[in-house]
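Protein sequence lines, in the order shown, are assigned to chains B and H.
Numbers in this note's numbering are just positions in the first sequence, counted from 1, shifted up by 5.
Numbers in this note's numbering are just positions in the second sequence, counted from 1, shifted up by 5.
One or more hints might be untrue.
Pairs involving identical chains hold if they fit within one copy or between any two copies, as the list cannot separate such chains.
To be verified - In silico SDA-like links for lysine to any residue, alpha-carbon gap of 20 Å or less: (1) K231 <-> T194; (2) K231 <-> D91; (3) K17 <-> S235; (4) K118 <-> T225; (5) K118 <-> T90; (6) K118 <-> G68.
No lab work stands behind these hints, which were simulated from the structure alone.
2 protein chains.
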Amino acid sequence: MASPSDKVTAGKIKAVGIVSAGDMGSGIGSVLIDGGMEVVTSLDGRGDLTRLRAGEAGMRDVGSLDAVVEACDVFLSVLVPAQATDLAQRVADAMRRTGARPVYVECNAISPKTVAHISEVIGPTGATFVDAGIIGSPPKPAQAATRLYCSGPDTEAFEALAEFGLNVRRAGPEIGQASGLKMVYAASTKGTTAVWTELLLGARALGMTGALMAELAPETNDVSRKLIDSVPDMPRRARRWVGEMEEIAATFEELGLTPRILLGAADLYRLVSETSLAEQTSREPNPNLESMLDLLVQHLRASKPLPG
Amino acid sequence: MASPSDKVTAGKIKAVGIVSAGDMGSGIGSVLIDGGMEVVTSLDGRGDLTRLRAGEAGMRDVGSLDAVVEACDVFLSVLVPAQATDLAQRVADAMRRTGARPVYVECNAISPKTVAHISEVIGPTGATFVDAGIIGSPPKPAQAATRLYCSGPDTEAFEALAEFGLNVRRAGPEIGQASGLKMVYAASTKGTTAVWTELLLGARALGMTGALMAELAPETNDVSRKLIDSVPDMPRRARRWVGEMEEIAATFEELGLTPRILLGAADLYRLVSETSLAEQTSREPNPNLESMLDLLVQHLRASKPLPG
C-alpha cells in the first residue's frame, strides 16, 4: 500500500488494479501480466464475458472493490464514459474504508471538465491522481501499438508501468491534457466515421449508392476507400461510442466550439445501437458494408416512412 | 423561345440564361460560351465582382430578369441555397408576364424536399423542370472535370448542353435524385472538413497540436494529410457552405437520419464566416493552416474565456 507521500517507482509497484475487465481493461491487464506485474480485479456481480476475459488475461479476482484498492499500488479506471464518475466515487469510499491510497489513474474517454470533476472526487482522499487517455485498440502482449498518454503534476507511478510493457507517453503537467488529446484524436476517427456512415446511409435510402460510389471512386481514391472501409468496423463499438461522442461534444463546447457535430455522431451511433448490428462481439467478423446499410435503412423505414 | 410541348434538342437551344454569375455560374457560362452557346444574364443591381466575372466569361447582360427569360431556351438557377426558392418565384412571375417558357434547371445545393417545393413553384407555368446537382469546382473551358448531374422525367434539354462542353450525367427519372446525390457527396467532403477543422481547432485551443499531429502522423498517413490539407481551402467558401450544410442536414432529417452532424458543420462554418478569413476571394492564396487556427482560436477566446 502506497501512502500519498511515497514516490511510487517501478520497483515499488507490487500490483495494478483494473476495473473493469472489458476489451480495453483486459488488454492492458494482459500486457502488464506478460511484463511480470500482478494485476488484480473485482468480478463481484460481473457477467460471464468479463469473467472469461479476466481469466484469459490472467487477472486475479480478489472479490470486492475494497480488496482491489487494498491489494494494488496503482488503480486504473477503464470503463464506458458514463460509469467513470460513479466508479471514482466508489473507489474514494473504498479508500476511506480501507485506509489504502493507490495512485488513481483516470483512463476513460471523457472530457477535460469531467476529468477535473473526478479529480475533485479523488482529491480529498489524498491519493495521487493521474489523467490518462488511451489511443488505439486494446493492447496485446509484445505489441506496443496502443499509446497510453498521461498528464498531471505527478505521473511517475503510471509512467513506471512502461517497464512492464505499456506504451506510456507524458502529454503534459496538467490534469485534462491527456484526456483532451484523446478527445480530439477520437473526433478525427469516430467523428469522421459518423459522417461517412450517415452519408452512405443517406445514399442508400435515396437509391443513389451506385452514383455516389462512382463519384467517390473508392477503387482509386485512397482517402474515400479507407473512410468507407472503416464503417463496418464500427457497429460492435456503437454502444460504447455514444457516450464517448457526448464527451467529445462537451470538450468542444467547453472550448466555445459547437457541440452539435459530435452530438449528431452520438445520435448516429445510438441508431446503430438500436439494431442487431450492435450485438456483435469482437470475436466475430465485421458485417459486410452493403448488408449493414440495408439493415439500417430497414430500421429507419420501420421507424419513419420514407418518401418514394 | 420554347413552348412546353417542344422537345428542346441541342440544335434548338439558341441561348442559355444563367442567374447569378458567381464563381460557379460564370464558370458554367464560360464553358458554354467556349462551346459556341450564347449565354445571357441579368446584372441589374449586381455588384462589381459579379459584373467583372460575367464580363470575363463573355456573358451578355440583357438587363432584367424578364429579358433573360425571354432570351433563353434553358434557364439555370445557380445561387446560394437560401436564394433558390425566391429566384424560382421571380422567374415564374417573369414567365407569366412574358409568356416565355424556358426549361428551368434547378442547379443549387439544396435538399430533395426543397427541390420538390421549387418544382411546385415552377410547375403551374407549364415550363419543363429539371433537378440538377453540381459536383466539383466551378468548371473551366476545355476541362470536363466538374460533373453536372440531372434528374427528372424530361432532362433532354439540359443533357443537350453536353454538346457545348459541360460534363452532364443523368442520375435518374425523379426530381430530387440529382440533388440528393449532390447532398450526400457534399457531406463526404464538406462534412468531413467540418469535423477536421473543429478537432484541429480544439487541439490548438487545448495546446495539444504537437501531440495530435504526432498521433495523426500526417507526413506518413495519406488520409490525415489530405484531410488536414483540405482545411485551409475552406474559409473563403465558409459563408456559402453554411446554407449548404443546413440543406444537407434537412436531407438527412427527411430520411429519418440525425440532422445534428451537419447542423454542427453549419455552426462551424458560421464561426469561420464571422472572421476576416471569410473575406478572402478565390483570386487570393489560401491561408496558412497554423495562422488560420490561431486567428479562429483568438476569435473563440474573444467570444468566451477559455479555461487555463
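Going down the list of hints, with the structure as the test:
no., hint, verdict
1, K231 <-> T194, "both (11 Å within a copy, 14 Å between copies)"
2, K231 <-> D91, "neither (37 Å within a copy, 41 Å between copies)"
3, K17 <-> S235, "neither (42 Å within a copy, 49 Å between copies)"
4, K118 <-> T225, "neither (42 Å within a copy, 33 Å between copies)"
5, K118 <-> T90, "within (12 Å within a copy, 44 Å between copies)"
6, K118 <-> G68, "neither (32 Å within a copy, 59 Å between copies)"
In summary, the structure is inconsistent with hints 2, 3, 4 and 6 from the numbered list given earlier, while agreeing with the others.
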